[in-house]
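Visitor: Work out the full structure: start from the sequences and follow the hints.
So the sequences go chain by chain: A and B.
Numbered by our numbering, the letters in the first sequence go through residues 1 to 623 in order.
Numbered by our numbering, the letters in the second sequence go through residues 624 to 777 in order.
No wet-lab data here; the hints were simulated from the structure.
Hints may contain errors.
[To be verified] Here are the computed lysine to aspartate or glutamate pairs in the EDC-like style, where the Cα-Cα straight-line distance is at most 16 Å:
| # | chain 1 | residue 1 | chain 2 | residue 2 |
| --- | --- | --- | --- | --- |
| 1 | A | 566 | A | 265 |
| 2 | A | 298 | A | 273 |
| 3 | A | 525 | A | 479 |
| 4 | B | 731 | B | 651 |
| 5 | A | 197 | A | 135 |
| 6 | A | 29 | A | 529 |
| 7 | A | 298 | A | 277 |
| 8 | A | 227 | A | 506 |
| 9 | A | 210 | B | 649 |
| 10 | B | 650 | A | 215 |
| 11 | A | 494 | A | 312 |
| 12 | A | 494 | A | 457 |
| 13 | B | 706 | B | 691 |
| 14 | A | 468 | A | 564 |
| 15 | B | 746 | A | 223 |
| 16 | A | 468 | A | 574 |
| 17 | A | 298 | B | 667 |
| 18 | A | 298 | B | 634 |
| 19 | A | 132 | A | 12 |
| 20 | A | 545 | A | 580 |
| 21 | A | 298 | B | 668 |
| 22 | A | 525 | A | 506 |
| 23 | A | 210 | B | 657 |
| 24 | B | 746 | A | 215 |
| 25 | A | 480 | A | 529 |
| 26 | B | 650 | B | 749 |
| 27 | B | 731 | B | 705 |
| 28 | A | 480 | A | 463 |
| 29 | A | 210 | B | 651 |
| 30 | A | 227 | B | 749 |
| 31 | A | 525 | A | 502 |
| 32 | A | 227 | B | 754 |
| 33 | A | 494 | A | 479 |
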Amino acid sequence: MYLYHGKILIIDLTTQEVRVEELSPSLLKGYLGGIGLATRLLYQYLPAGSDALSPHNPLVFATSALAGTIIPTSNKHAIATKSPLTGLIGDSLSSSFWSQALKRSGFDAIVITGAAASPTYLFIDNDIVHFKKAEHLWGKGSPETEHYIRRHIGDDRVKVASIGPGGENLVRYACITNDSNRQAGRTGTGAVMGSKKLKAIALRGTRPIKVYSMDEVERISIDIIHKAEGPDTEKYRVLGTPANILVLNGLSALPTRNFQQSSFEKAESISGEYLAEHYLTKVMACATCPVACGHIYKVAEGDYAGTQWELDYESLYALGPLCGVDHIPGILKAAELCDYYGIDTISTGSCIAWAMECFEKGLLTKEDTEGIDLTFGNHSALVEVIPKIGERSGIGNLLADGVRIASSNLGRNSEHWAMHGKGLEFPGYDPRAMKTLALGFAVGLRGACHNRSPAYEVDMSGEVDRFKGEPGRGSMVKEKEDFAAVLDSLIICKFIRKCFGDFYTEAANLYKQATGLDMTPAELKGAGERINNIKKAFNIREGWKPGDDWLAPRLFSDPITEGEGKGTVLTEAELRLMIDDYYQARGWTAEGLIPDEKLRALGIEDPIAPWKGLEYGTQVYNL
Amino acid sequence: MERRYITCDPELCSGCGLCEMVCSAEKEGVFCPELSRIHLVHIDESMAVSIACRFCENTPCIEACPREALELDEANNVIRVDKMRCTGCGWCIEACDFGAIVLNRSTKSVVLCDLCEGRSQPKCVELCPREALKVSTLEIEAQNARVEAAKSLL
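Guide: Structure representation (structure tokens):
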């Protein structure tokens, strides 16, 4: 077995005990790495029903199966933990040199349990774990934290993953940042890290990495790199993901002013095209990525002059149209602030947009906001509110819990416009204009998510009526979810997915050439299904209920106001129909539970159970 | 042969590090950036550059070697390391202003860029997806600088 180490490092922050456990090749092959392996380990190490912010909730970091090599975009890692935002599976990906260092440290994964008594950071020097004091780093942003730790250790090859003040203050959608500006953004992994008083994990991994067939891995990688220089990745390479603004705007799928509209009249002035012409200074890549989607923009003059920050579509959507803002310097400044505090831009923008609507409707006043004018379109409100969220002060304390809890706390029908699925705020696609995506959002295992359920591809393919939910979408969503699970576990970035022809055949061969483990296309596809099922099993164990697979009330009552699809809503009947169809395609019961025989068929075996606990409602998650 | 070396344009370099991976694979048969002959340096979030041996005119590495293990092969424009003589003491590594020389601890001798002697062009240059790397000479670099200067003046 090559590439895998067959070992995980288990660190208990409470007792400062460290131990190493072995992983069998069959387990590694069954869950691949990344999201799959991290979820499998989380299932094993989380005592059922533990609170997300309690010391019992493990924080699991798993490397990509293929990290440490030249394989394009493979230098990634996954984080899994019980999400403080959703109470269910929290999993998030990040990438670059920290991921590479994790693989090269000699472990396939790190499981961190317990909680430190005072701020601590870990320095993992290959296989030696040091517990270091971090009082002096508490309150600092991630780039500064990384810089300090590297300078202190005195080695530029030390890579750091850390939380900002948002994670320290338990903002429920805080992220974990590595390599200065790569984030495991969603589901609040940073809040779990903050609850453990763990500021950072510094890694020095210096093991050379060998693969089963050097020649084949190099040949296949170079082939993908050349393909990635062509039309398959052009969108990400040339304009970066902000190219989506005009595409989605044209489809009436660009959520605007907290989903009150589905297109933004000022879309042109925040488009990828406009940004490229007026603000672009540089493109940057993650480790071993030939695409370089990271577009860095700079404000040359006027408001926020000198601000230079990376912006992707999702951040741009959430801090821009969703809040009615078309002021690029303000959006860039807001994104920079989110990254300083270490909070997810999508959830942050969504929370502010929700609050802006509360302000518009008089539920929140200037008295509540300490004078901040939370009118849609006011970019300075973003810049004023984000620090309050990061610090949990004033209005920020309400918003730091995410829209589901905030709307439940504020009440007065504000749940109607709290745009989330299972507590996770929506990414930038309007489900009313993309009905397959609506299904993907509703059943999404980590909540409403376009990455774990890239169902929008079905709607954008032109092969279905995207304004209508129909039978057959269930199996399409299942296929997309399983495909995403394989990509997220191998890990290969979705942005080079089109560089493969017959994906499962080519990826199974690449896996074999890299690890030396036999893998058929069917086995690889099966791993995707297994991974999604263990996530589902985790959710059921931790308190998922059938009614949780649903979406925000607004989508059912407030129609698209203009453009193509004007007047369209999501009907309860069509969503119900698609959900039933999906459960059936998954081989689950009509209630959405996994039959025992299905679990056995997937090879999800006993040692990690109690499987008998798989009746919903036995555990109540405590937010 | 005219002195040639690998340059990296920081305006184009995306900091992906593929150059380090392909180099260590080509030269050492493993993926290991520390054993690469070209080294990526991240300056900040928006700036990175890769550095390899520049084959300096006064070769401080050769001067520093106490055992005459390094030698400039002028005919082929490479610095040759005599593995039998090299003890891995690291004087040359300290003498190099660019950090272009590294120690291979398994062979106990130092390694540095040889422009992939025998290949039409170095593997890193061939692979660089941003075309940030190229083999250049001082004369070409000076010409480019003159052109840029002239453009900005006129």
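Visitor: Take the hints in turn and mark each one as holding or not.
Guide: Do the hints match the structure? See the list:
1. A:566 <-> A:265: Holds - the C-alpha atoms of residue 265 of chain A and residue 566 of chain A are around 15 Å apart, at most 16 Å.
2. A:298 <-> A:273: holds (15 Å)
3. A:525 <-> A:479: holds (9 Å)
4. B:731 <-> B:651: holds (13 Å)
5. A:197 <-> A:135: holds (10 Å)
6. A:29 <-> A:529: holds (13 Å)
7. A:298 <-> A:277: holds (11 Å)
8. A:227 <-> A:506: holds (14 Å)
9. A:210 <-> B:649: Holds. Residue 210 of chain A to residue 649 of chain B sits at ~12 Å (cutoff 16 Å).
10. B:650 <-> A:215: Status holds; Cα separation ~13 Å.
11. A:494 <-> A:312: holds (15 Å)
12. A:494 <-> A:457: Status holds; Cα separation ~12 Å.
13. B:706 <-> B:691: Holds, because 11 Å separates the two Cα atoms, which is no more than 16 Å.
14. A:468 <-> A:564: Satisfied, since the Cα-Cα distance of roughly 13 Å is no more than 16 Å.
15. B:746 <-> A:223: holds (14 Å)
16. A:468 <-> A:574: Distance ~8 Å between residue 468 of chain A and residue 574 of chain A Cα, so the pair holds.
17. A:298 <-> B:667: Within the cut-off at roughly 14 Å; holds.
18. A:298 <-> B:634: OK: residue 298 of chain A and residue 634 of chain B at ~15 Å, within 16 Å.
19. A:132 <-> A:12: Given pair residue 132 of chain A, residue 12 of chain A holds - Cα atoms ~14 Å apart, limit 16 Å.
20. A:545 <-> A:580: holds (15 Å)
21. A:298 <-> B:668: holds (13 Å)
22. A:525 <-> A:506: Since the Cα atoms of residue 525 of chain A and residue 506 of chain A sit roughly 12 Å apart, the hinted pair holds (cutoff 16 Å).
23. A:210 <-> B:657: holds (14 Å)
24. B:746 <-> A:215: holds (14 Å)
25. A:480 <-> A:529: Between residue 480 of chain A and residue 529 of chain A the Cα gap is close to 10 Å, so the pair holds against 16 Å.
26. B:650 <-> B:749: Answer holds: residue 650 of chain B to residue 749 of chain B is near 15 Å, not above 16 Å.
27. B:731 <-> B:705: holds (11 Å)
28. A:480 <-> A:463: Cα-Cα ~15 Å, so holds.
29. A:210 <-> B:651: holds (10 Å)
30. A:227 <-> B:749: holds (14 Å)
31. A:525 <-> A:502: holds (12 Å)
32. A:227 <-> B:754: holds (15 Å)
33. A:494 <-> A:479: holds (15 Å)
In this structure, every one of the numbered hints holds.
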